[in-house]
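Participant: First to last, the sequence lines map onto chains A and B.
The first sequence begins at 1 in the numbering used here and counts up one residue at a time.
The second sequence begins at 1 in the numbering used here and counts up one residue at a time.
Read the hints as simulated data drawn from the structure, not as lab findings.
27 angstroms max Cα-Cα, derived DSSO-like pairs, lysine-lysine:
1. B/76 / A/131
2. A/55 / A/137
3. B/6 / A/111
4. A/131 / A/91
5. A/140 / B/32
6. B/54 / A/111
7. A/37 / B/32
8. A/31 / B/32
9. B/83 / A/83
10. B/12 / A/111
11. A/83 / B/54
12. A/111 / A/31
13. A/31 / A/91
14. A/44 / A/55
15. B/79 / B/54
16. B/54 / B/6
17. A/44 / B/92
18. A/91 / B/32
19. A/137 / A/31
20. B/12 / B/83
21. B/79 / A/83
22. A/137 / A/83
23. A/111 / A/137
24. B/54 / A/31
25. A/111 / B/92
26. A/55 / B/12
27. A/83 / B/76
28. A/83 / B/12
29. A/37 / A/131
30. A/111 / B/83
31. B/92 / A/31
32. A/111 / A/37
33. A/55 / B/76
34. B/92 / A/37
35. B/79 / A/111
36. A/83 / A/131
37. B/76 / A/111
Pulled a few chain B residues facing chain A out of the computed Cβ check, cut under 8 angstroms:
38. 45
39. 55
40. 62
Idealized CB from N, CA, C, for every residue including glycine.
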Amino acid sequence: MNSLRRSTLQFAAALTAGLLLPLRALAAWNKDAFGAKTAADALKGLGVGASAESKDIVIDAPQIAENGAVVPIEITSNLTNTKSIVVVIEKNPFPLTAKFDFGEGALPYVKVNVKMGESSFVRVLAEAGGKFYSASKEVKVTIGGCGG
Amino acid sequence: MAEPMKIRAVQKGDVTDVRVLMVHPMETGQRKDTSGNIVPTHFIQEVSVRLNGKSVLEGQISQAVSRNPVFSFRLKGAKVGDKIDIAWLDSKGERSQSDAVIA
Numbered sequence: 001m002n003s004l005r006r007s008t009l010q011f012a013a014a015l016t017a018g019l020l021l022p023l024r025a026l027a028a029w030n031k032d033a034f035g036a037k038t039a040a041d042a043l044k045g046l047g048v049g050a051s052a053e054s055k056d057i058v059i060d061a062p063q064i065a066e067n068g069a070v071v072p073i074e075i076t077s078n079l080t081n082t083k084s085i086v087v088v089i090e091k092n093p094f095p096l097t098a099k100f101d102f103g104e105g106a107l108p109y110v111k112v113n114v115k116m117g118e119s120s121f122v123r124v125l126a127e128a129g130g131k132f133y134s135a136s137k138e139v140k141v142t143i144g145g146c147g148g
Numbered sequence: 001m002a003e004p005m006k007i008r009a010v011q012k013g014d015v016t017d018v019r020v021l022m023v024h025p026m027e028t029g030q031r032k033d034t035s036g037n038i039v040p041t042h043f044i045q046e047v048s049v050r051l052n053g054k055s056v057l058e059g060q061i062s063q064a065v066s067r068n069p070v071f072s073f074r075l076k077g078a079k080v081g082d083k084i085d086i087a088w089l090d091s092k093g094e095r096s097q098s099d100a101v102i103a
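The following block holds chain B by itself, in its conformation from the complex (with noise of 0.2 angstroms):
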């Protein structure tokens, strides 16, 4: 099981600056180990976003997104107390889902 998210949601104004953390190799396929062999590639492949259940943003990114991604998004139209669910789907089928509360 991946570890899970540090998910960070804060109300300013009229926009909610949500700023997620996730703990992931994010392996190119380029880099060797200390053997000198070629680490094979592992990487997030699709980000999603709910808010309140609903879906918000969907993302697909690339090896290149640099190791344990930090992603910030900016929501409108919600509030302080609302419930963000953020979710990633790796090359593996691995996945890891968490959630956070507006403040």
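Chain A on its own, in the form it takes in the complex (with noise of 0.2 angstroms):
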């Protein structure tokens, strides 16, 4: 009787550690570049080199936010093979907000609520073919949404 509990229940742990396991391959987060207090060193942090503006990067925000902790930010890369978008909130104390890795079967489409500290301009870069493109908006923004 035991006996046969027991191994129900390491049968359930097994099963339970088979199943949160194997699903985590993930890119280790990028410390140095979500730490920089700059767009310019994020962006380094990342790797990210020269870029050219892109009007292939569509970037759907509101002009004027009224309220800085949620704002919706939809972006959609329409350059062929894009295989990153990365979002950087110029004048919030961390810039870098997102990146973006597309494997073969995702658009290179995203849709995200972010915080802004103040007025800035969203900046957002795009990798494809080995180039990278960029594209920003600027967001007005009636109260800030860092603190509170």
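Take the two lone chains, each set in its own frame, and fit them into one complex as the hints suggest.
Facilitator: Printed below as a string of structure tokens:
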């Protein structure tokens, strides 16, 4: 009776471990880039080189955000073979906000809500075909979203 | 154990719209509690999306993503009934994983 219970528990534990472990093959969080206090240092930390302005990166964000704690940003890259998208909020204490790497099966599109401490340019960089492209959009913030 | 995510995946023609809500405080380290003490940073750092067990999207995010993050992604080449797994890992090493079937 006891041994049956024990083996059942062991089986359950193994099952749980088996379900949780194999999912993660995450790219390690880039501490240097995310800890950078300027947009330039953040991009350097990510290894992003010189970028060309591109109209093929579409940023949909409000011109005026009343609440800096929740600013919706929608990004679409129309550049062929977009491999990754980087979001930088230039005037935030830590400007680098997100980096998305798109594998086969994902379209270079993302929508995310971000916090903005004050009015700032939101800069988006896309890597496509080994080159970097960028676009930016100014968002005016009425109430900042970092403190509170 | 973190609260499960809410995932909605809807097929629209060739494209799958994936929307996910993660329950997380996303503390910036700049906020003060009611007694004036700084609340330490605690935020999701890594997000991954898999389609039928195969990685399709990996994200790294900062504390500047809003509390209870909501993301929308788009997939191609998927179909109704396919399985989507989403996982996150935060700055304290906590992780969460949820899945959904494309409708």
